[in-house]
Every structure is written in structure tokens, then in C-alpha cells.
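Novice: Residue numbers (my numbering), protein chains in the order written: chain A, 69 to 165; chain B, 33 to 316.
Don't read these hints as lab results, they were simulated from the structure.
Since the model is a prediction, treat every value here as computed from it, not as a measurement.
Every residue, glycine too, gets a C-beta built ideally from N, C-alpha and C.
Don't take each hint at face value.
[Said to hold, decoys possible] Calculated from the model, a selection of chain A residues having no Cβ within reach of chain B, i.e. all distances over 12 Å: (1) M69; (2) K70; (3) K71; (4) L73; (5) F74; (6) L78; (7) L84; (8) P95; (9) C106; (10) L107; (11) F111; (12) F128; (13) L143.
[Said to hold, decoys possible] Only pairs whose alpha carbons sit at most 20 Å apart, straight line, appear in this in silico SDA-like list of lysine to any residue: (14) B/K100 <-> A/V120; (15) B/K58 <-> A/F81; (16) B/K58 <-> A/V120; (17) B/K58 <-> A/N115; (18) A/K114 <-> A/I148; (19) B/K58 <-> A/L124; (20) B/K100 <-> A/L90; (21) A/K157 <-> B/W96; (22) B/K58 <-> A/T144; (23) B/K83 <-> A/T76; (24) B/K188 <-> B/I176; (25) B/K240 <-> A/P95; (26) B/K273 <-> B/F309; (27) B/K231 <-> B/I283; (28) B/K163 <-> B/F309; (29) B/K198 <-> B/R142; (30) B/K163 <-> B/A183; (31) B/K181 <-> B/N225; (32) B/K83 <-> A/L124; (33) B/K80 <-> A/I148; (34) B/K58 <-> A/F74; (35) B/K163 <-> B/I204; (36) B/K240 <-> A/E135; (37) B/K100 <-> A/F81; (38) B/K198 <-> B/K100; (39) B/K57 <-> A/F93; (40) B/K181 <-> B/I82.
Spelled out, the chains give:
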Amino acid sequence: MKKLLFFTFLFYFLILLQESFLLHFFPYVPNIVLVAICLINLFEEKNDNSGVYLSLIGGFFLDIFSESFFGFYILTSLLISFFIKIILKNYIQFNLR
Amino acid sequence: MFNKKKKSISGYRSFFIKDHFYSQKKCLAFIFSVIVILLFLNLTFFPKQIKNTFYFVSRPVQEWLWIKGLAFSDFFEGIAKGSQIKEENNWLLSQNKELISQNVELEKLREENKILRTALDLDLEKTFDLKMAQVIGRNVSNNIIIINKGAEDGLKFNLPLITEEKALIGKIVEVYENISKVQLLSSRESLLNIEIFNKNIYGVLKGKNSSDYFLDLVPEESEIASGDLIITSSFGGDFPKELLVGTVESIKDSKTVSFKEAVVKPSFNVQDLNYVFIILSSDF
Numbered sequence: 069m070k071k072l073l074f075f076t077f078l079f080y081f082l083i084l085l086q087e088s089f090l091l092h093f094f095p096y097v098p099n100i101v102l103v104a105i106c107l108i109n110l111f112e113e114k115n116d117n118s119g120v121y122l123s124l125i126g127g128f129f130l131d132i133f134s135e136s137f138f139g140f141y142i143l144t145s146l147l148i149s150f151f152i153k154i155i156l157k158n159y160i161q162f163n164l165r
Numbered sequence: 033m034f035n036k037k038k039k040s041i042s043g044y045r046s047f048f049i050k051d052h053f054y055s056q057k058k059c060l061a062f063i064f065s066v067i068v069i070l071l072f073l074n075l076t077f078f079p080k081q082i083k084n085t086f087y088f089v090s091r092p093v094q095e096w097l098w099i100k101g102l103a104f105s106d107f108f109e110g111i112a113k114g115s116q117i118k119e120e121n122n123w124l125l126s127q128n129k130e131l132i133s134q135n136v137e138l139e140k141l142r143e144e145n146k147i148l149r150t151a152l153d154l155d156l157e158k159t160f161d162l163k164m165a166q167v168i169g170r171n172v173s174n175n176i177i178i179i180n181k182g183a184e185d186g187l188k189f190n191l192p193l194i195t196e197e198k199a200l201i202g203k204i205v206e207v208y209e210n211i212s213k214v215q216l217l218s219s220r221e222s223l224l225n226i227e228i229f230n231k232n233i234y235g236v237l238k239g240k241n242s243s244d245y246f247l248d249l250v251p252e253e254s255e256i257a258s259g260d261l262i263i264t265s266s267f268g269g270d271f272p273k274e275l276l277v278g279t280v281e282s283i284k285d286s287k288t289v290s291f292k293e294a295v296v297k298p299s300f301n302v303q304d305l306n307y308v309f310i311i312l313s314s315d316f
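Between the sequences and the hints, there should be enough to build the whole structure, so can you do that?
Specialist: As C-alpha cells, this is what we get:
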């Protein structure tokens, strides 16, 4: 729960930073919330599902500040999250000693 | 021992089978239910209300971040371009001398212009009913900007926006209570009737999600050249006539189509947009 709350605020801060601050430094800013979602899903523990919920929250914030239809980023981030989880589960093995 | 090992492997497997997110059917059901909820939400006014609330809450923070971002970028640009600035300074000093001599000539022209202005009534405030707004955000695609004025300030859908130099920026596509979203002319969805200044040539200007615009549907026999000034056409559309749009940069002669195409350089730089004017009403 604490993790979810922390990342909710982080995503909100990142999207504001992306939309109003970083644009002054780079002509094209990468979607840092989407990058954060990918990283969370890549590095979270195998039995932890919070990455999926966080991709829902991150997608929601991206949709708020996007001009495309509501839900576009929710679905995109959700699919990315599932894709990473499936790849990690089926094709990548960690050597645990 | 073997049995124990086997048990631990089966336990490891059952963990993934039990894991509800990775079982294919449940995964698909979850995504499907999300799609259904989102489709339902898109049919209601709920997303607009959510966006409105978030924009209202975020507005002060966005304004603050925008101002700080400007200040920081100016500061770092100064450091990063130190030697370049020195060279520029020398060049500017030489230019300054040249400009002083030109200034005398311009003083005469200013007087002349002042008289013409009064005669033709060309002042912006007199031609249009304007509202000034600050840019507080820009979409990563660079085709949408967010301004700090909304429905409360009398803004409506489709109202055009200009710079202080009377250069057309785009039009309002979404209006919230305190904030509005503006679609720039560079956006793929943007389409505009234009006229080439002093040449009586008409065409259509399209955005292609890049920094330049594209001029199309100009008759093949038309004589257009790079440097030609493009203004909004008097043939209707969403925008008032005679607003500055850009200058022709290069011409593409198509062998297959009976129209000329050209690349148009916008008359404003999106990176420099800080304050804009919304045309609430005009005499067009």
C-alpha cells in the first residue's frame, strides 16, 4: 500500500515535470512515466503484482495529460506490464544460489 | 531427498499456475474488463470532469514549474554556450554599428508607418477582441500546448490563437474551467486555407507532426518562390483573414499530381512561446 501511494505521487510529479519543466531543456522529452513503468515491472520481485497496478495508475496520469482518448495510455502501460511479466516468467531465468 | 526436490519443483510451478495475473485466461479477462470500463467511461462526461479536476489542482504547480524551467534552461544555456556567446557578442557589436545607421532610416519609416497605422486602423486590439494567456505546458509531441485560461475566462472551442506579431499559432481544441488545450498548426489534424501574400495564389496548409508545415493544392501554373509570405485566406475557415502563417522554404514539383507542394517555415518558434493571444471575436 505504501509502495502504491509512493509511486502514485511520484508519477504525478513526473508527469508535471515532463509537461512543464523538462520541455525547456530538450526539444523532445521521452515519456518518463512510461519508462518508469517499464523499470518497475522489470525489477520488481517475481511474486509481486504491484507493477500491474502501478501501470494502471501511471497510465491514468498519462491519460489525464494526453490529447488522445481516455484510456489509451492505461491500456498501453497495462499491455507493456503484462508483456514484461510474461517475457520474464517464460524466457528469462535467474540463477539463484 | 529426490521426492523433496520434486515437491519443491512442483511447488514452484504451482506458484505460477496459482498466480492469477499470469494465467492467460485471467490475464485476458482482466484486460478485457479494463477495455469495457474505459469504453464506458469514454461515452460519458466523466473523463472530462476528472481531467478538469486534475488541471485545476495542478495549475499552480505547472505555472511554477514552467517559470522555474525557463529560468533554469536560460541559466544552463548561458553556461553551455559560453564561447559561442562570446563569438556572438563580437558579431553583434559589429552588427550594432550597422544597425545604428539603419536606425536613422527606420526612424523616418516609423513616422510613415505611424501615419499609415492610424489611417488603416491596423492595431491588433482594434481589429480583434483579444485575451492574453500564458503557456503553462507543452505536450511531448510538440503539437499541443496548454494555456492558463479556460471557460471561466470566456474561452470556447475552436477559437484561434496568435502571437503578438499577429502570427497564427493554432486553435483551441479542449476547454476546461481554468485551462485550455491548443492544437498547433503543425499538428497532423490541422488543415487551413491560405493565400500567398500579394500573389493571389490560394492553397491548403497541412500539419504533419513536424516542425514545418506543408503547402498543398497550389495550382501547377502558380509562380511561388521560396521566401513568399503566407497568410490566412479570406475564403472562410475557422481563422480570420490576413494572419501571418509562415514563409515558403522549398518547393516540391510533383510529376504525378497537377498541384504544387511546398515546405513552409512557421512564423513563430514553438520553443519561444510564453504568452499568446486568443481571438475572442473579430471582424472577419
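Novice: The structure should be examined with respect to each hint, and the outcome stated for every one.
Specialist: Each hint tested on the structure:
1. M69: 18 Å, holds
2. K70: 21 Å, holds
3. K71: With a cut-off of 12 Å, A/K71 remains clear of chain B, as the shortest Cβ separation is near 16 Å.
4. L73: 17 Å, holds
5. F74: Correct as stated: the minimum Cβ-Cβ distance to chain B is 18 Å, above 12 Å.
6. L78: 14 Å, holds
7. L84: Non-interface label on A/L84 violated, nearest chain B Cβ at 6 Å vs cutoff 12 Å.
8. P95: 7 Å, violated
9. C106: Given that every Cβ of chain B is farther than 12 Å from that of A/C106, nearest at about 16 Å, it holds.
10. L107: Check passes; 18 Å lies beyond 12 Å.
11. F111: 17 Å, holds
12. F128: 9 Å, violated
13. L143: Non-interface label on A/L143 violated, nearest chain B Cβ at 7 Å vs cutoff 12 Å.
14. B/K100 <-> A/V120: 34 Å, violated
15. B/K58 <-> A/F81: 32 Å, violated
16. B/K58 <-> A/V120: 13 Å, holds
17. B/K58 <-> A/N115: 16 Å, holds
18. A/K114 <-> A/I148: 16 Å, holds
19. B/K58 <-> A/L124: 16 Å, holds
20. B/K100 <-> A/L90: 10 Å, holds
21. A/K157 <-> B/W96: Since the Cα atoms of A/K157 and B/W96 sit roughly 43 Å apart, the hinted pair is violated (cutoff 20 Å).
22. B/K58 <-> A/T144: 18 Å, holds
23. B/K83 <-> A/T76: Roughly 16 Å between the alpha carbons, so the hint for B/K83 and A/T76 holds.
24. B/K188 <-> B/I176: Cα-Cα ~16 Å, so holds.
25. B/K240 <-> A/P95: 17 Å, holds
26. B/K273 <-> B/F309: Within the cut-off at roughly 16 Å; holds.
27. B/K231 <-> B/I283: 16 Å, holds
28. B/K163 <-> B/F309: Distance of about 5 Å is within 20 Å: holds.
29. B/K198 <-> B/R142: 18 Å, holds
30. B/K163 <-> B/A183: 12 Å, holds
31. B/K181 <-> B/N225: 27 Å, violated
32. B/K83 <-> A/L124: 16 Å, holds
33. B/K80 <-> A/I148: Violated - the C-alpha atoms of A/I148 and B/K80 are around 26 Å apart, more than 20 Å.
34. B/K58 <-> A/F74: Distance of about 28 Å is beyond 20 Å: violated.
35. B/K163 <-> B/I204: 13 Å, holds
36. B/K240 <-> A/E135: The hint holds at about 16 Å.
37. B/K100 <-> A/F81: 15 Å, holds
38. B/K198 <-> B/K100: It is violated: about 27 Å lies between the C-alpha atoms, which goes past 20 Å.
39. B/K57 <-> A/F93: With a Cα-Cα distance of about 45 Å, the restraint between B/K57 and A/F93 is violated, given a limit of 20 Å.
40. B/K181 <-> B/I82: 18 Å, holds
The structure does not agree with the numbered hints 7, 8, 12, 13, 14, 15, 21, 31, 33, 34, 38, 39 stated previously, though it agrees with the rest.
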